[in-house]
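Please take these sequences and the hints and turn them into a complete structure.
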Amino acid sequence: MSVGVETRRVPDAEELRRSVADRFATWADTEARDLPLPGAGRTRDRFAALYALGRADLSLARLAEGHADATAILCELGEAPPGPGERWGVWAAQPPGTGLQAHQDGDGWLLEGRKAYCSGAHSCTHGLVTADTEEGRRLFAVRTDHPGYAPLEGTWQAIGMAGSDTPDVRFTEVPARPVGEVGAYLDRPGFQHGGIGVAACWLGGARAVADTLQAGARTEDPLTAAHLGAVDVALYAAETALWEAARAIDADPLDRSGAARLRSLRVRAIAERACSDVLDRVGRATGAGPLCHDPRHARHAVDLTVYIRQHHAERNLAELGALVGQKAGPEVEPGVNPVVGAEARSDAGPKR
21 MSVGVETRRV PDAEELRRSV ADRFATWADT EARDLPLPGA GRTRDRFAAL
71 YALGRADLSL ARLAEGHADA TAILCELGEA PPGPGERWGV WAAQPPGTGL
121 QAHQDGDGWL LEGRKAYCSG AHSCTHGLVT ADTEEGRRLF AVRTDHPGYA
171 PLEGTWQAIG MAGSDTPDVR FTEVPARPVG EVGAYLDRPG FQHGGIGVAA
221 CWLGGARAVA DTLQAGARTE DPLTAAHLGA VDVALYAAET ALWEAARAID
271 ADPLDRSGAA RLRSLRVRAI AERACSDVLD RVGRATGAGP LCHDPRHARH
321 AVDLTVYIRQ HHAERNLAEL GALVGQKAGP EVEPGVNPVV GAEARSDAGP
371 KR
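Residues are numbered in my numbering as their position in the sequence shown, beginning at 1, plus a constant of 20.
Hints should not be assumed to be uniformly reliable.
Label pairs and their computed distance ranges (CB to CB) [as the list claims (entries may be wrong)]:
(1) Asp252 / Gly117: 39 to 47 angstroms
(2) Gly156 / Pro115: 50 to 58 angstroms
(3) Gly168 / Asp252: 45 to 53 angstroms
(4) Leu311 / Gln124: 18 to 26 angstroms
(5) Gln346 / Asp125: 23 to 31 angstroms
(6) Leu311 / Glu35: 16 to 24 angstroms
(7) Arg38 / Gln177: 12 to 20 angstroms
(8) Leu343 / Leu311: 31 to 39 angstroms
FYI, nobody ran anything at the bench for these hints, they're computed from the structure.
Note that the Cβ used here is the ideal one computed from N, Cα and C, for glycine as well.
Structure, rendered in structure tokens:
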């Protein structure tokens, strides 16, 4: 006599990677074309799209955000946007123990070395990658179909974000094209705007984790209701900060006020704190059940746990504190009403 037991095999990392890559390719060929650039007057729409991607699938959001960021970078540094069928990543991490060098070869450049955290390493057709030159760190565009480009299998051991395809990559004499001058990647205001776009993805993932609590909440239970209320407060505050940041970016896209770094540090810290609080409270409220038996919730929770570690925690808070300590009073964004904290429309900043 057989017992009718439902079994669902957990997909392995390779299956996840292929599934996310297929959806990423579809997104890049369709929705990506309509995504507004940051600071062009519709930054809220841009962040809302990234938020929605994060709520659906954080690994997909990671790849989509990279392509969207690459598009903005190319525009800001005077380059053509991605063409049809192209999928771009931005690989600029500089962890200890890895390094990528760029050297001139006649009229061109070649990349040599190892780059960590290359999301979309197998699915991207192109990458924007930072490398060290004799003059300093510089951004380069590369194609991923060169034989000297080699993702290193096994260098991503995490279960979380397994679908984001984020191994180290070995570059061996890979031709590269400079994008901007030395230091241009970090010096442009768009670097700070892009960091808030990443936070939008995090918050979408946190909302997905919270959906499990919302759907199963028994509000007559005061403990569950308390957790749900705390989660709502955390997400409301973080989402409000995100939308206010979008308005501030559109009011001052070129950062003539000098507020972009402070804004980015604040919003990312608020978002990371909210995500951590949501993960903790939803876990405490729902117990092991959803983590063990709900594949969607389990994937969101483990992906979010890994993804928010892109925030540098106390190091970023220390930088924020140092910036705040240099100021005589509270920061007021361009176009923000300092009395009510609501931002009015401002046409003072240039549009792009």
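Cross-check of the supplied hints:
Against the hinted window of 39 to 47 angstroms, the Cβ-Cβ separation of Asp252 and Gly117 comes to about 41 angstroms, which satisfies the hint. Between Gly156 and Pro115, the C-beta spacing of about 19 angstroms breaks the proposed range 50 to 58 angstroms. Distance hint check for Gly168 and Asp252: the Cβ-Cβ separation is about 51 angstroms, which falls inside the suggested range of 45 to 53 angstroms. For Leu311 and Gln124, the Cβ-Cβ distance of about 52 angstroms falls outside the hinted range of 18 to 26 angstroms, so the restraint is violated.
Restraint check, Gln346 to Asp125: a C-beta distance of roughly 44 angstroms breaks the suggested window 23 to 31 angstroms. In this structure the hint that Leu311 and Glu35 lie 16 to 24 angstroms apart at CB holds, the actual value being about 20 angstroms. Look at Arg38 against Gln177: about 19 angstroms separates their beta carbons, and that is inside 12 to 20 angstroms. At roughly 38 angstroms, the beta-carbon separation of Leu343 and Leu311 lies within the given 31 to 39 angstroms, and the hint holds.
Going down the numbered hints, you'll see the structure goes against 2, 4 and 5, while the others check out.
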